[in-house]
Amino acid sequence: MAFRPRQSHLPLDSDSSSRFLPAIVALMVALLTFALVGLTVLQDAVGRWSGQIEGSLTVQIPPNASADLSPEDRDHELRVRVDEILDVLADAPGISRVEELSPETMAALLEPWLGPNEVISELPIPRIIEITPTTGFNFDQLETLLAETAPEAILDDHRIWIERISDVAFSVELALITLIAVLFGATILSVVFATRSGLSIHRNIIELLHLMGAQDTYIAGQFARHSMRMAFWGGILGMGIALPVSGLIGYLGIRAGWDIPGSIYSPWFALLIMIVPVLVALVARITASRTVLKVLRRML
Amino acid sequence: MNARQADARSAELTEVVSFRDVGVRYETGPEILRDLNFTLHRGGFHFMTGASGAGKSTLMKLLYLALRQTRGEIRIFGRDNIRVPREDLPAIRRKIGVVFQDFRLINHLSTFENVALPLRVAGVDDLQIRKNVTELLEWVGLGDQINAIPSRLSGGQQQRVAIARAVIGRPALLLADEPTGNVDDRIAMRLLYLFEELNKLGTTVLIATHNRQLVRRFGHIQWLLEGGTVIDVTNTNSA
Ligand SMILES: Nc1ncnc2c1ncn2[C@@H]1O[C@H](COP(=O)(O)OP(=O)(O)OP(=O)(O)O)[C@@H](O)[C@H]1O
Ligand SMILES: [Mg+2]
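The listed protein sequences correspond, in order, to chains A and B.
Start counting the first sequence at -14; every next residue gets the next number (the numbering used here).
Start counting the second sequence at 462; every next residue gets the next number (the numbering used here).
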């Protein structure tokens, strides 16, 4: 058994008040584990979501609108300009991918509005180039570059969207981190209160040991080890409830087609979860020790 | 060093407890004990009688350092009970064995563990504890109740556990508050023989009791607690 004291002078475990502390700790640790798993999943989802939006910028190149051009000439003229822009973009810094949407893709996109294929080749349809920015990308620089080469090209930046999405992502993360912090605080407080009420049940023992000439540190140590063990097993119990339930939800989610983020399987996340019962046990230990010492200091 | 100084010196050496003009009140209540002036010497054996509410248990509390006097001076093992630093108190307390009037056994510990407690606190090793506790429990007639918990014992059996716990550490001062209230005369005699054995080894004994018959049978020093103060009635009674 972990944390087994070398000499258990006071088998406090065997009295019924000892069940209160593990129960409350189990509940709080279960909630905390749920929140941590939830935060990780949501953080990952929001990150991917905004990443998808951020990934795409488009450049629109409108066809020449003058009426005296034949459709063939117009098409050719547009082709030349698009190629020119493609060349410029290929050399621009901070861009990982440049792709012109093929006429087929365009047609497919426009079909609901314009009907079957043949019509489209007859119409002056703008060309669209998709850009995936990467690190080192500078929006203003690209805008200037385009203004020099092709002033008629329109850079559609989704800037508003990107800003909104990162706002949402930020709020969601902030809310979850606050929730975790609050749950952590509540866990610690409940360990503090459970430990204290446990000790008040044992007040007569504390007093008796004191009158028998036990050192304060001896008495405090007995109760600290006891509380630590109770809280540790409570924490393990809480995790034992929360992890399988999270796993079940995850399994059902995968079957329903969710993407389960890889960060859940990382050793860092496992370590974070493992730390919870240890931390709670330490809090219980410190609380018990300090509470007993405080009670003892009031005795003669 | 003249003869008087030498006398004072040797008296001091045998002094276990001394009270000088001691008085006690609980908070703002009346003075329960007053003008207490006495000395307990090494190897002394004292009985204390007194009406219920006279203050016997209160006097005991002063002696086992659970209560402080509101006036006067108390010295225990030569140390002033108020001026002694807190960290020295455990060592003094370990030299005092107490049989509480209400026993104060720990309910979720076995008879054995209850009796072993003072030894555990003092850091005595397991083997020694096993031997001494088992032997003593046999002696007080609880050899067959070693693993019982206190709530399963009769009042008299609980009292014997409390006595065993008080004497297991061979204290220099034994304070017993009504130690024979729940046992028949035969067991009471046996327990008093136990106290006498301990007394012969040098332990100073103070027993508070209502049982005047017992007091008379054992002789020793007899105190009467009356009007808040101790009156020595040894010669009055035996006469
Ligand atoms: N903790 C306390 N607070 C206030 N008053 C107390 C307290 N303990 C005892 N007293 C009072 O002090 C007086 C002496 O009580 P004490 O217990 O010392 O008597 P006693 O001689 O031991 O009586 P008994 O023979 O019934 O055990 C009583 O009047 C009691 O009401
Ligand atoms: Mg009393």
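No lab work stands behind these hints, which were simulated from the structure alone.
The beta carbon of each residue, even a glycine, is placed where N, CA and C say it ideally should be.
Any given hint could be a false lead.
What the hints assert, rightly or not - Here chain A is said to cover these stretches of chain B; the calculated rule only asks that three of the stretch's residues, wherever they fall, bring their Cβ under 8 Å from a Cβ of chain A:
1) 488 to 498
2) 558 to 571
3) 648 to 657
To be verified - Residues from chain A that keep clear of chain B, each with C-beta distances beyond 10 Å, as calculated:
4) Leu(-3)
5) Asp60
6) Ile221
Hints versus structure:
no.	hint	verdict
1	488 to 498	violated (count 0)
2	558 to 571	holds (count 6)
3	648 to 657	violated (count 0)
4	Leu(-3)	violated, 8 Å
5	Asp60	holds, 94 Å
6	Ile221	holds, 24 Å
Against the hints set out earlier in the document, violations occur for numbers 1, 3 and 4.
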